[in-house]
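Join these two chains into a complex; the hints should help.
So the sequence lines, in the order shown, correspond to chains A and B.
For the first sequence, the working numbering assigns the number 40 to the initial residue and increments by one for each residue that follows.
For the second sequence, the working numbering assigns the number 5 to the initial residue and increments by one for each residue that follows.
Keep in mind that the hints are not guaranteed to be accurate.
List time: in silico EDC-like cross-link candidates among lysine to aspartate or glutamate, alpha-carbon distance up to 16 angstroms [claimed, not checked]: (1) A:K51 / B:D509; (2) A:K310 / B:D451; (3) B:K224 / B:D318; (4) B:K22 / A:E114; (5) A:K258 / A:D147; (6) A:K51 / B:E59; (7) B:K391 / B:E428; (8) B:K344 / B:D318; (9) B:K391 / B:D362.
Derived from the structure by calculation, the hints contain no laboratory data.
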Amino acid sequence: MSPLTIGNRLAKNVAVQSSSDRPNCLTSGHRACQGCGEALGARCVLDAAYVATKGKIAVVNATGCLEVFSCVYPENSWRVPWLHSLFGNAPAVAAGVAAAFRQQGKEDVRVIAQGGDGALADIGMGCLSGMFERDDDVLCVCYDNQAYMNTGVQRSGATPAFARTATTLPTGNYLGNDAQTGKNLPKIAMAHGIPYVATASVGDIRDLEKKAAKAIRIKGAKYLHVHVPCPLGWGYPTSETIKIARAAIQCGLFPLFEAEHGKIVESTPIKEPIKVEDYLRGQRRFAHLFGKNAPPEALAALQNTADNNIREYALVGGADE
Amino acid sequence: MNKPFATVLGPSTSLSNKTGSWRTMRPEYVKMLPPCNATCPAGEDIQQWLSFSQEGRFREAWDVMVKDNPFPATMGRICYHTCEKACNRGQFDGAVNINLIERSIGDIAIANEWKFGTAPEAKKKILIIGGGPSGLSAAYFLRKLGYGVTVYESNVKLGGMMRYGVPRYRLPGDIMDAEIRRIIDLGVEVVCSKRVRSVREEICGFDAVYIAVGAYRAAKTSAEIADGANVMDAVDLFRKLEDAASSLPDFGKKVVVYGGGNTAIDAARTVLRLGAESVKIVYRRTINNLSAHETEIHDALAEGIEIMCLRTIDSVEKGKVLLSVMSYDEENDILSKTDKTDWLPADSVIFAIGQSLDEGILKEMSEISVSEQGVIEIDKNMMTGAKGIFAGGDAIMGKRTVTHAIGSGKKAAKCIDAYLQGQEPMANVKNQTATFKRLNTVYFSQDPRVDVSRLGDISFEEKDISYSDREIVAEASRCFSCGNCFHCDNCYGYCPDNAIRKHPDGSLEINLDYCKGCGICVAECPCGSMKMTLDE
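Chain B extracted, bound-state conformation (with noise of 0.2 angstroms):
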């Protein structure tokens, strides 16, 4: 080549300048858990669905929720979503409505009669005792993996607590049949009004059994209660409404329910639309420890039940209760009675004090061990004592929601699985959950939570709150899409160096030739997904 006078190198490009031998720190993508995901009884990857949710893409939004909860319309209305208190927006500007975005997409699904699809052909067989939601739920799971699946229902129809112990509307009827009709599509046998009185008899014929009898039996009152008291559980009285055969109790004009969980606040709101004129719940504690959803609480007070706080219940006579006045002393945790006592006009009682498993189908099952609490004992992989017999939902320790439930018969199917397969169940591995303060919050403006209510009509009929699909689209774009890309391009476009490159898909790769360890990715990174590690 003819070089000008003075000249020895030929012209060349800067590019073999290898900038990245400057970096001692280096930029990384990082996948953190979300703590939506982090908190969900059931496990469901919440922020996945919700970036198909943005896109429109709701049959993609629905196929991630049912990976991990057959039940998304049911639970989208009564999931008590620990997810969205978990949810990085609510320290913004209002958590994701994510919970209606749920029975949104759920009802859309039931509309457009989305299936499961076929499950493969069915070898081992496994039995399960009990049609709630843990049982259903760890049927639908064992199904997909390929196993036969029965199911005993003592009940006439299945759902257990999601049918009896929910009333319709909060969960209508047709919505929570149809999500159940779907896993029974999937080739699974039910037998129903089947009561097993010991599980010895039935196994016979399974290779394995999972026992999701739920918790049925009425807690016992230390009250007293006088001859002549008309006094009833809620439990009762959410089965005789269901089972069209039995006719209602007659409760009277003036009830009292006592307790202070969800089941006290279904239990009033439900006699109240039977017809009863005033309805008062008596508690024990203080207003702020009430175990209720305050949703739930809120909608009650709204339709005029009145909750006396601080009290318990002495006695029951006909047409009254005597009260003792409770005293709270909130910072050492103690609570006693005074003195002071009370008559209340009740035409009736209703008793919402908690559940217990009833035992009787483990008798002859000296293996499997029932503890002080009165649940049944499971080891890690949620197996009895007897080889083979695992146990899950209200059955054993733990929460009693539904949601729990569902996220119980998952991993029971896990475990049942991993067993007849002679390996133990693959660990969860959970990546970091991503705070609060990893979010770079200049890139999202202020988008105020609109709050739903479900407040309608004092009827069992529920109230038509589902978003339309605009609204699903506008509600999932409010997901700050914590700990996880959502391909933004802040990195590639900010980078001084070029060292990010952008391949046509969108996907990005960091080119540590070229990369001089600044960090502006890093910290204009609106979600988090990236951080700075020491180069070696």
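Here chain A stands alone, though its shape is the one from the complex (with noise of 0.2 angstroms):
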């Protein structure tokens, strides 16, 4: 019997996920493509949240996939009070819900402000930093697929370095979105010094079970970065969605951590290390990297990025490190 499956039959102590009577916030009939991380992660997200708080959670989505797949007239997949309003203002509405649940003296309900993390990492950053900053009462989760995917997979600030998308094709001596430093939307959160921040992934769901239902109880400004694959942009098999999630975490280029009030209190070490390449090698959107003339320093370069994750959250060997 294994300890690392969703459930276990043997054991009291397992995920949301595999409980009979789970709530489903979001549910079936929804529009997502085969395979989807989003609506996945946003599921296990919002079931954690619910039961943390007994099902008072209000929830209000950014434009973008996970808007589109969920709800389009007249039907809607969520089975929890739910607002759109646009792309880039989901953290500001949320603030508005929560000071109106607080003007009733209804602090018991949680408020959540949901996006991608085109919306979040840059068309909604203003309203995020300004949500942050005032440190309202809200817990804001970014379902990082690392593109603006439902439009047709334009690259956005969240894209990794090298990644192929519709507006960063690989051509010639161009090997696709450059090598920027990248917005790290988890560190920009911990910069404005906000009580509770961390970062999880579908591919390990009892650890984001666990962050969800922690966060959700906090007073004040929290965010949840969630890793959410995407077959259909990244060029994947839909079956490898949890494949891909694992080897991103167990690479090193997607660190599971948390943070309070600015500073690291928590890492989850790598079970068992691998190169980035096992991660990179099974989706389409890195295939330029692996052909026959392609020059070695991009893979290089991604290692590099994973190996300072690993240093810098200490993820091999324990936190003393």
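Put into structure tokens, the structure is as follows:
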């Protein structure tokens, strides 16, 4: 019997996702692609928050895949109070919703703002930063699939170096998305000194649930950054969403950690470290890095990023290294 | 309903959007045959009893064991556990110690005096000739099917090769006796010390006969035996050791055992326990060719027994044997004698070079034929040339282990039952075997196998190595549950479309109305009990 699976018939301590009466905040019939990591991630986060608050949550959604596939007039896949306004203003609207609840004396209703990396790293960055800076009582969840997927896979501020997108097609000496320093949203959130920042992934559902349940109970501004692979945009078989998410964690490119008031307090050690190649090779958006004439610098640069993460977040060999 | 400006439709749920229509491939739950079960000569459902053991439900585990094998405590000691060789966990961090779990649960059953319950009232009568593992196994299964069973045993006690072919330090008498007693308690009639001279004389009054007489006649050696040389057969030695009435042969201080099977090792370790000062096993081929089980070889070497490979015995004289050195061409499997010879001092020589069927009981039964290899010929339903007379165990062609004998007795019972009802026996429908490649081992942590040595003092006392209750649970929990769902809920938890339903009792069902066929559930199934198939 494995302690690493979602459920376990012998153990009491299992994930919300394994219980037969889980809330299913995002229900069936939504139009997400086959194997969508974001649909899975959103259900897991909201179900965990729902259970932790005994159902007292309200959700504000930014524009993006998540909004488009879950609410096609007149149908809706949400089984929680849910609101959509504009692409860039979800954190601001959520701050308003939280203020309204406070005015009504209903601070036990917890507010979540959620959206993709496009809505939060690019378009709604200002609203997000404002919400953090005011320490509004909102949990903001970013489902990071690393590009604008529903409009046709255009690059976003969170697109990783060397990735091919519709707007960063590798040609000649150009190797896809620039090796820029990137927009690291969890670090930006930490820089605001808010009470809680964490990263999570659909590759580790138990860890994700633990962080969502913890965050929703904390007063003030919280930020949860969830890695959600996208079969369509990244170019891998639909069945491999979890495998890819797991590989991103194991190679060090997506570190799992928790921070409180701007300081890292916990990081999840990598179980079996792998090379970045083992994560990248399975994705067509990185295929040009493995061709005959591919310069080795690109892979070396990505490996360097992973190695830096492993050092910075002490992902191998315990936190005291 | 009053709708806001420019609104035509009322709000509704996406449940009306049946996304199952997108699908080209569909997931499916499958049950596969775990490799342990696939190789078990007795056909045990090992995985099922390991599953109960994980939950600490030892009684249920034992009930599953005895569905296929009435001798768990015995087999947990002397079975050569092909299951562990086949175990997929062997390719990960060491096979599950299936054998020792079986032994431990078998011991719990004896300590708690668990019984087989009562058998239905007997109508037809069946005669079983031979009270060894195969005969007793057939007796057990036939009695449970509602047949009256009479067992004739030529020896003083029941047990056959379990008693007269396996030394007591490997299988204590009280353990074997307790498991035999349970079978007799089902209402089996037993007549011991009854040597059947001819099958023909005995069949009167029975509806069917099962011949399970084993193979007791020691094979003849081609070595020259000079007058005054002290030679004996291993089978003989074991029998004399068991029968209180016989006195032990005098084998002197330096003993040579000839043979390479388990019997040779057993004989060598036995004389060592009886006081021999030096014991040497002489074997024709290389150490890699020994047919004895590797743990037996290891234990024998550890006890100081020397194995001399690539030697044959040419002649035995008083106090010494003449050995020829052999050469073995491994590539072409050619064994040949060289000119080199060697004298070895030996007070006695024990031959353990195989046994054969004693055909005497088949006289006057011309319908029953014996093959060139000296075994009884049977058809696919285990029936001999004589109608209603079946044969099995060591008396027929096949591997000669106790586990095979038990499996053979079980199959014979099924065939006899079908014959008496005028039917063909039900075919064994086997699922495809679950290979290691089907597993997703990401979900299993390294928890290496810990081998438990059976090696104790050099005595006839068995070393007590049975697991405690907690140890049984821990070791059973290492089972991968290959090819059979163990309710980890990965499929349910990972489905992005909630297209798998989990019922309150834990059972799972795919909701094809919404399943888009992404295949995540199949990819993340740890034990390979799901597969994708083309949608119609």
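With the threshold set at 16 angstroms, check whether the alpha-carbon distance from A:K310 to B:D451 stays at or below it. holds, 14 angstroms
16 angstroms Cα cutoff - pair A:K258, A:D147: Satisfied, since the Cα-Cα distance of roughly 10 angstroms is no more than 16 angstroms.
Proposed proximity, B:D509 with A:K51 (alpha carbon, max 16 angstroms): With Cα atoms ~15 angstroms apart, A:K51 and B:D509 stay inside 16 angstroms; holds.
Pair hint outcome, B:K391 versus B:D362 [Cα-Cα no greater than 16 angstroms]: The hint is violated at about 21 angstroms.
Taking only the CA atoms, is the gap from B:K224 to B:D318 under or equal to 16 angstroms? Roughly 13 angstroms between the alpha carbons, so the hint for B:K224 and B:D318 holds.
Are the Cα positions of B:K391 and B:E428 separated by 16 angstroms at most? holds, 14 angstroms
Given hint B:E59 paired with A:K51 - CA-CA distance at most 16 angstroms: holds, 13 angstroms
Taking only the CA atoms, is the gap from B:K344 to B:D318 under or equal to 16 angstroms? holds, 12 angstroms
Run the distance test for B:K22 versus A:E114: straight-line Cα separation, threshold 16 angstroms. holds, 12 angstroms
Consistency note: the structure conflicts with earlier hint 9 alone.
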